[in-house]
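Let the sequences and hints guide you as you build the complete structure.
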Amino acid sequence: MFRRASLLVVVALTVVLGACGTPATPAPALPETPVRPTRVPVELPTKSEAETVAESPTAVVQQPTNTPAPVRARPSATPTMTLIAASPTPAPPTHTPTQGPTPVPDPERGKALFSDHLNGDEAIPTCLSCHMVEPLPEAEAALKIGPAMIAWGNDQPVAVRARSRVASQDPATYLRNSILHPNEYLVPNVEGRAPYGVGEQSLMYQEYAKLLTEAQINDLVAYLLTFR
Numbered sequence: 001m002f003r004r005a006s007l008l009v010v011v012a013l014t015v016v017l018g019a020c021g022t023p024a025t026p027a028p029a030l031p032e033t034p035v036r037p038t039r040v041p042v043e044l045p046t047k048s049e050a051e052t053v054a055e056s057p058t059a060v061v062q063q064p065t066n067t068p069a070p071v072r073a074r075p076s077a078t079p080t081m082t083l084i085a086a087s088p089t090p091a092p093p094t095h096t097p098t099q100g101p102t103p104v105p106d107p108e109r110g111k112a113l114f115s116d117h118l119n120g121d122e123a124i125p126t127c128l129s130c131h132m133v134e135p136l137p138e139a140e141a142a143l144k145i146g147p148a149m150i151a152w153g154n155d156q157p158v159a160v161r162a163r164s165r166v167a168s169q170d171p172a173t174y175l176r177n178s179i180l181h182p183n184e185y186l187v188p189n190v191e192g193r194a195p196y197g198v199g200e201q202s203l204m205y206q207e208y209a210k211l212l213t214e215a216q217i218n219d220l221v222a223y224l225l226t227f228r
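Quick note: the sequence shown uses this note's numbering, first residue 1, plus one each step.
Please note: incorrect hints may appear among the correct ones.
To be verified - The calculated lysine-lysine pairs, modelled on DSBU-like cross-linking and capped at a C-alpha distance of 35 angstroms, are:
no., residue 1, residue 2
1, 210, 144
2, 111, 144
3, 210, 111
By construction, these hints were calculated from the structure, which means they are not laboratory data. Keep in mind it's a predicted model, so treat the numbers as computed, not measured.
Structure below.
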């Protein structure tokens, strides 16, 4: 084995020494080979694909605009009331009619009121339609449903009778109340009945108090007091 190794060393030295003594032969120049560019095939779109691309509009996606929701005012639990002080309005001056002096009662005016329809209204009965102011035949006197103003039969004139009808009333007051409040006192006859009334109501017209004026009442009373 040692011999084999020695032999390998000798061969190696021989090769080295041979290379050092022989000049190196230059390698021959080779011509440059032109490099051809690699052709990459270009794929053109077919007609159907080009038309599809041209005809298809570009879809633009528009993001929705966020619109703020309206803010609703929460109603107040308790309504607010604003009180406005009213301006004082001056009251118009009150016109007080000036009343003239009360006319003196006139029996002649009273006589006309007694005989004629009040205010010319024929629906209102006249006093003369129920009461006598002068003697009449028995047949006509029987048609009068009210007492006579003159002395007739057993009755005295009305002004005399009025003195004793109501103890607390003088003749003028009694006659006045008989006109305005005919149901207040009904004259009884000897049997105790009221011959000039039905039940508690007098046969006399009931509306004179609404129709007669103060002056007219005074005139009527003045006329009746003339029957003495």
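Hints and how they fare:
Between residue 210 and residue 144 the alpha-carbon distance is near 24 angstroms, which keeps this suggested pair within the 35 angstroms criterion. Using a Cα cut-off of 35 angstroms, the hinted pair residue 111 and residue 144 holds, with the two alpha carbons roughly 18 angstroms apart. Restraint check: the Cα-Cα separation between residue 210 and residue 111 comes to about 20 angstroms, which is no more than 35 angstroms; the hinted pair holds.
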